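Asker: Based on the hints, put chain X in the right spot on chain A.
Protein chains: 2
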Amino acid sequence: MDAQVYKSDLIFTKNNKEFTSMEQAYLVVENGKVLGVFDRLPGKYESIPLKAYESGFLIPGFVDLHLHAPQYENLGIGLDEELLTWLNKYAFPEEARFSDAGYAEEVYKEVVRRLWENGTTRSVIFGTAHKGSTEILLRLMKKSGLGAYVGKVNMDRNSSQELTEDTERSLEDTEAILDAYRNERLVKPIITPRFVPSCSPRLMEGLGRLAEKYDAPVQSHLSENTDEVEWVKELHPDCESYAHVYERYGLLRQNRTIMAHCVYCTGSEKELMREKGVFAAHCPISNTDLTSGIAPVKDFIAGGVNLGLGSDISGGHTLWMPEVLVHAIQVSKLYYLYKDKDCGRLTLPEAFYLATKGGGSFFGKVGSFEEDYSFDALLIDDCAIIGQGKRSLEERLQKFIYTGEKGCIIKRFVEGNELGYTER
Amino acid sequence: MDAQVYKSDLIFTKNNKEFTSMEQAYLVVENGKVLGVFDRLPGKYESIPLKAYESGFLIPGFVDLHLHAPQYENLGIGLDEELLTWLNKYAFPEEARFSDAGYAEEVYKEVVRRLWENGTTRSVIFGTAHKGSTEILLRLMKKSGLGAYVGKVNMDRNSSQELTEDTERSLEDTEAILDAYRNERLVKPIITPRFVPSCSPRLMEGLGRLAEKYDAPVQSHLSENTDEVEWVKELHPDCESYAHVYERYGLLRQNRTIMAHCVYCTGSEKELMREKGVFAAHCPISNTDLTSGIAPVKDFIAGGVNLGLGSDISGGHTLWMPEVLVHAIQVSKLYYLYKDKDCGRLTLPEAFYLATKGGGSFFGKVGSFEEDYSFDALLIDDCAIIGQGKRSLEERLQKFIYTGEKGCIIKRFVEGNELGYTER
Chain A
1 MDAQVYKSDL IFTKNNKEFT SMEQAYLVVE NGKVLGVFDR LPGKYESIPL
51 KAYESGFLIP GFVDLHLHAP QYENLGIGLD EELLTWLNKY AFPEEARFSD
101 AGYAEEVYKE VVRRLWENGT TRSVIFGTAH KGSTEILLRL MKKSGLGAYV
151 GKVNMDRNSS QELTEDTERS LEDTEAILDA YRNERLVKPI ITPRFVPSCS
201 PRLMEGLGRL AEKYDAPVQS HLSENTDEVE WVKELHPDCE SYAHVYERYG
251 LLRQNRTIMA HCVYCTGSEK ELMREKGVFA AHCPISNTDL TSGIAPVKDF
301 IAGGVNLGLG SDISGGHTLW MPEVLVHAIQ VSKLYYLYKD KDCGRLTLPE
351 AFYLATKGGG SFFGKVGSFE EDYSFDALLI DDCAIIGQGK RSLEERLQKF
401 IYTGEKGCII KRFVEGNELG YTER
Chain X
1 MDAQVYKSDL IFTKNNKEFT SMEQAYLVVE NGKVLGVFDR LPGKYESIPL
51 KAYESGFLIP GFVDLHLHAP QYENLGIGLD EELLTWLNKY AFPEEARFSD
101 AGYAEEVYKE VVRRLWENGT TRSVIFGTAH KGSTEILLRL MKKSGLGAYV
151 GKVNMDRNSS QELTEDTERS LEDTEAILDA YRNERLVKPI ITPRFVPSCS
201 PRLMEGLGRL AEKYDAPVQS HLSENTDEVE WVKELHPDCE SYAHVYERYG
251 LLRQNRTIMA HCVYCTGSEK ELMREKGVFA AHCPISNTDL TSGIAPVKDF
301 IAGGVNLGLG SDISGGHTLW MPEVLVHAIQ VSKLYYLYKD KDCGRLTLPE
351 AFYLATKGGG SFFGKVGSFE EDYSFDALLI DDCAIIGQGK RSLEERLQKF
401 IYTGEKGCII KRFVEGNELG YTER
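Same order as they appear, the protein sequences are chains A and X.
According to my numbering, the residues represented by the first sequence are 1 to 424, in order.
According to my numbering, the residues represented by the second sequence are 1 to 424, in order.
Isolated chain A (complex conformation) (with noise of 0.2 angstroms):
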């Protein structure tokens, strides 16, 4: 038995409700798992070895279910565009570069680093159409201890010569890739048809019956902007929907699929997206920074859709999830000022939870220091921001979260394990 006892403040969200919140509490870890989080230990654990943290406090690591490894370069550049310029004029000329493994190995290298400083432990990743460079993320996903999703990017129309793929070609690639991670645990592959526009029939076709074959998680983009959705109409007139597109070609599987954005759903399509458990994964960062719009999250929580967050780097411009989360709150405000009334806006516990076991149910188990979920922790030393006086805990976490910086973030564990990993 590989066990251990921590000793700290916690704060978690079991639900998006409110915060459970424990000082100076115990939580007990056994390959990995939690047991049990407990104010006095109980006496059977007591010949576990215990660590004790004084002076921080342990948050679930963040979960980010959305974005591009391979746009880490165009961080901060381009935000002047539109989603479908912003696309021919950065995003396809930057992943073009990632034919070259030696540069993929660079900027992958900084990636998994800053992934590993933000503290964003899972992570769900879109690579290129690239097998080599896809692979190399992988690897070195792997060897971070990060849990991650990364996916090959399938596109065989409607992009930039260089990273048009054939058919068939792509199929193979993709296949190659899930057989030869299948037995992954903690980094596996999932499949990515970059969105509607970019995939042909045939291709989405291919790909829902790998996934349906290799049992096969699947990402890709939904309705983020409106001349984008207008785009799918026109390639496939005989859709109810944008969402009904993938669901024709099998890559809404049950409870395993990724959405990113859902600025524009429709009301059939949120439906949809309730029946098959798909994942919304909401960018908040990127569809303001992209012109694209602000989704409608309070509707999709009420309507019961999965919902998780996203930095979508590089349309958004930070790896750092709580300003992700911060902005998740911001725009709500703003869609109940300018579209909304009546929804509400997202509350704090509402949107850690997002950040953590929202999203990291894709997952399993992760997100909460519940009994039987990993543990995948930070502990945050917040002295450098907690000022003058006495704080609640909860008080604490909302500081951290406002005006935290990667700084607060001492130690990271994932599955349970502690992970050091800073090699640049």
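Be aware that one or more of the hints could be misleading.
Each pair may be met inside one copy or between any two copies, as identical chains are not told apart.
[As the list claims (entries may be wrong)] Capping the alpha-carbon separation at 16 angstroms, the derived lysine to aspartate or glutamate pairs in EDC-like fashion look like this:
hint, residue 1, residue 2
1, LYS390, GLU73
2, LYS298, GLU46
3, LYS142, GLU395
4, LYS17, ASP80
5, LYS406, GLU73
6, LYS365, GLU30
7, LYS341, GLU82
8, LYS406, GLU371
9, LYS233, GLU175
10, LYS390, ASP227
11, LYS298, ASP2
12, LYS89, GLU395
For the record, the hints were derived by calculation from the structure and aren't laboratory data.
Values in this document were obtained by computation on a predicted structure and should not be read as measured data.
Answerer: This is chain X only, laid out in the frame that chain A set:
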């Protein structure tokens, strides 16, 4: 003659249309003022000592036109409320603590250190209603070498019991400070009626007289929140608008008044502001955090209203002006999407101009590297954020604004003096 030549990459805005960027150029400073910037150093300056910064770049220091120093301890706290509730629940109780000079000294030291750290070389600050603690802040700011206007707040109605002042005493205290600091150059007092609801007509009239007598600048709040605007209408039904109340009492002084927020200004209010040269302090983060709304900044720009940016801590949750600048761009995109398709969106040069020369103009020739401007500058080391490739100076600035951190600022200058202030 106290003169210095700096050789460095330079980037700044002369106007809000475009950046002026010069690689490895010469900036000549004499007695704290810029004599000029040159691609090649003119012969007549060759005898002046030269400092060369080969890897970083120089930008003008940031100007924060609106912040509440005594609310620093509340940074990140209480942002689930709207303005009027938030004032009573968070702002007023915290400000009441500043009757204690020891507490004021502790908190204000931290605020001053943070302004220095964040590269905010000029700021316009609300203190509290307490004369003593306001004088502490004036002293600490002066010691730091940063430039500022610091105001003792006036409030004699509709405030918490602890903070409500006797009208005569409020005026006497204000005059005592105006008198004591009348000959200061870099850190000066500013007349600071909190906002119309908390100032009686007699108080506002007295403050208008003092402003005239001491030729003093004025700051207050204007049209931040719809409930507040309604309240002002009830209190002053005979005034054409909220701004006209200030105007009636002589508080809109030609080019010497700052009004924070201006989210809900009417057409005639904007016209009055333009006529009087009032500076609107746009505080986008605060306006989002407190669910106030989005100020129509593009309208202000088109209408020729003076404009700068404010952090408005702790309605806003950060002193970091690049984040304020980014949020100004972000909300302008959402305003464009949800309120007014015709107004356009804030560009990066526009927003950078607001954060430097736009707000700096309230201080005179501040916020640019043009001839005769105060040499207020930051040396930015972007090696940690620049990435693998060669970037233009404009892209490097863009990356710094969107992804940089305080640690990127390695030197700070005000009026030609390098500020090494780090006292804790």
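Asker: If a hint holds in the structure, say so; if it does not, say that too.
Answerer: Hint by hint, here is what the structure shows:
1. LYS390 <-> GLU73: Close across copies (11 angstroms), not inside one copy (41 angstroms); limit 16 angstroms.
2. LYS298 <-> GLU46: Neither. Shortest intra-copy (44 angstroms) and inter-copy (64 angstroms) distances fail the 16 angstroms Cα cut-off.
3. LYS142 <-> GLU395: neither (35 angstroms within a copy, 33 angstroms between copies)
4. LYS17 <-> ASP80: Answer is between: at 14 angstroms across copies they meet the 16 angstroms cutoff, but 36 angstroms inside does not.
5. LYS406 <-> GLU73: neither (19 angstroms within a copy, 20 angstroms between copies)
6. LYS365 <-> GLU30: Cα proximity of LYS365 and GLU30: one copy only (14 angstroms, versus 64 angstroms across).
7. LYS341 <-> GLU82: between (27 angstroms within a copy, 14 angstroms between copies)
8. LYS406 <-> GLU371: neither (28 angstroms within a copy, 40 angstroms between copies)
9. LYS233 <-> GLU175: So LYS233 and GLU175 fail the 16 angstroms test inside a copy (29 angstroms) and across (68 angstroms) alike.
10. LYS390 <-> ASP227: neither (51 angstroms within a copy, 33 angstroms between copies)
11. LYS298 <-> ASP2: Neither way: LYS298 and ASP2 sit 41 angstroms apart in one copy and 61 angstroms across, limit 16 angstroms.
12. LYS89 <-> GLU395: between (43 angstroms within a copy, 14 angstroms between copies)
In summary, the structure is inconsistent with hints 2, 3, 5, 8, 9, 10 and 11 from the numbered list given earlier, while agreeing with the others.
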